[in-house]
Amino acid sequence: MADRQQLLIEQIPHLRRYARVLHAGHTADADDLVQDTLERAVNKWGLWRGAGSVRPWLFSIMHNLFVDQCAVRHAQTAQSLEDLPDGALPMQAATQDTRIEALELLAALQRPSVPLREVLLLVAVEGLSYAETAKALGVPTGTVMSRLSRARSQLWQLTSGEGTQRPALRVIDGQRSVG
Amino acid sequence: MNPQRPDRDTLMAYADGQLDRSRRLEVERYLQQEARLAVRGELAPLRAELTALQAQNLALREALDPLLDEPVPARLLQPVTPPVRPWARAAAVALWIGVGAVAGSLLTRQSQQDDAVVAAQNDGMQHFVHQAELAYAVYTPDARRPVEVREGSDLTTWLSRRLQRPIIAPDALPGGLVLMGGRLLPGMPGKPAAQLMYQDAQGHRVTVYLRGMAKPTTETAFRIVQGKQASTFYWVDRQWGYALTGDLPRAQLLDAARALYQRYTADDPAPPAPTAAPQA
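Protein sequences, first through last, are from chains A and B.
First residue of the first sequence? That's 1 in the numbering used here, and the numbers climb one at a time after it.
First residue of the second sequence? That's 1 in the numbering used here, and the numbers climb one at a time after it.
Calculated from the structure, these hints are not laboratory results.
We put the CB at the ideal spot given by N, CA and C, even for glycine.
Certain hints may be false.
Said to hold, decoys possible - Covered by chain B, per the in silico footprint, the following chain A stretches (three or more residues, Cβ under 8 Å): (1) 14 to 24; (2) 55 to 68; (3) 110 to 118; (4) 132 to 139; (5) 150 to 158.
Chain A extracted, bound-state conformation (with noise of 0.2 Å):
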């Protein structure tokens, strides 16, 4: 009892982290999906047999959750979350010394489509496997690599120009297109 609660508490503010990813911003409708996402797991905490680790566990039932989500408000517009708008708001950081890069690069974030977010967030910030992550979004391990992949040409893309040196993406061995 007490031990799934220390579980589930020290994980908060990751799951926030990966709502406001999803949600691009929007605070309070990422919080209501961190508190979604925390009833569920209380209700299923069985169905975790405590095999690995908690997180990908609680990043998957978010991004089950989510998927549902969306599927009824875009119902009529939207056939899958690629097709979801870009996000309309820069995330707020809450502290003060945010580099400029760091904001530029939050704003960046938002860019890309849904499902190429999610991957950034769980392999480069949470560094989950490429395993984790396939599991936790329900797709193969390959398309975690081929989102990831287009994921970071967007970011280089819109970032560019910044100061950073910019790899030769397209300049590899000939073998795989970019994108």
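Chain B: place on chain A using the hints.
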């Protein structure tokens, strides 16, 4: 045998720390070979791409990590937190005051899970204690203006309004410590903290530093940190951190801290009943 040039996915997986040991070493061998052949003073192409990948990962983490430090809204704790009986919490703290003083230890926790929570919160705690020590070191030596507002009802009204919670400033604490007054200080980003100052008949000054914390705690614990100039007793109760800093014998500081804790928990619906508190 020359190492295989890693393809794009392999390089990305390497940057993301996803490769097993043998494939990792293979990539590193290629990078070394590439570096040997590279034009002097120029970054070899694969190394350049790897650097860019790693830089992007780092930039993303730096941009998004501050989100983790934001205070958690209370409503998000409700789904996971069973209602806590105030007397149980008070009794637990009373026990910690005793155990902490006897053992003189920073960490004596009940279980591994507790340790994990402590580890996650340690950074925030260290920052909190550092702020409390700094506030003590800056303002207690001041002969002319040690406090911003002298004791009186104005003081607590003002601090309570600014911190948006009731601030209690007992007129006196054990050991002959008498309230001098207090001041407002920076706390968490964009949020204020309060400092109260006490003085005994010999002129020893003790400060109380109080502010909201980034992360809530599920369990209140009582700790001591021995600084160069002074010792700090501190505890976190739900979303609020309390620190008592002074250059006085530990037992005397403990008495003062305990009295302060009891004043702050006396506001709970059910009064604390720490009758079984061990002796310090």
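Right, here's what the structure says about each hint:
By the rule of at least three residues with a Cβ nearer than 8 Å to a Cβ of chain B, the coverage given for the region 14 to 24 of chain A holds, with 5 such residues. Under the rule that three or more residues need a Cβ within less than 8 Å of chain B, the assignment of the region 55 to 68 of chain A is violated, with 0 such residues. Coverage of the region 110 to 118 of chain A by chain B is violated. Counting CB-CB distances below 8 Å, 0 residues qualify, and the rule asks for three or more. Check result for the region 132 to 139 of chain A against chain B: violated, 0 residues qualifying (beta carbon to beta carbon below 8 Å, three or more required).
Coverage of the region 150 to 158 of chain A by chain B holds. Counting CB-CB distances below 8 Å, 3 residues qualify, and the rule asks for three or more.
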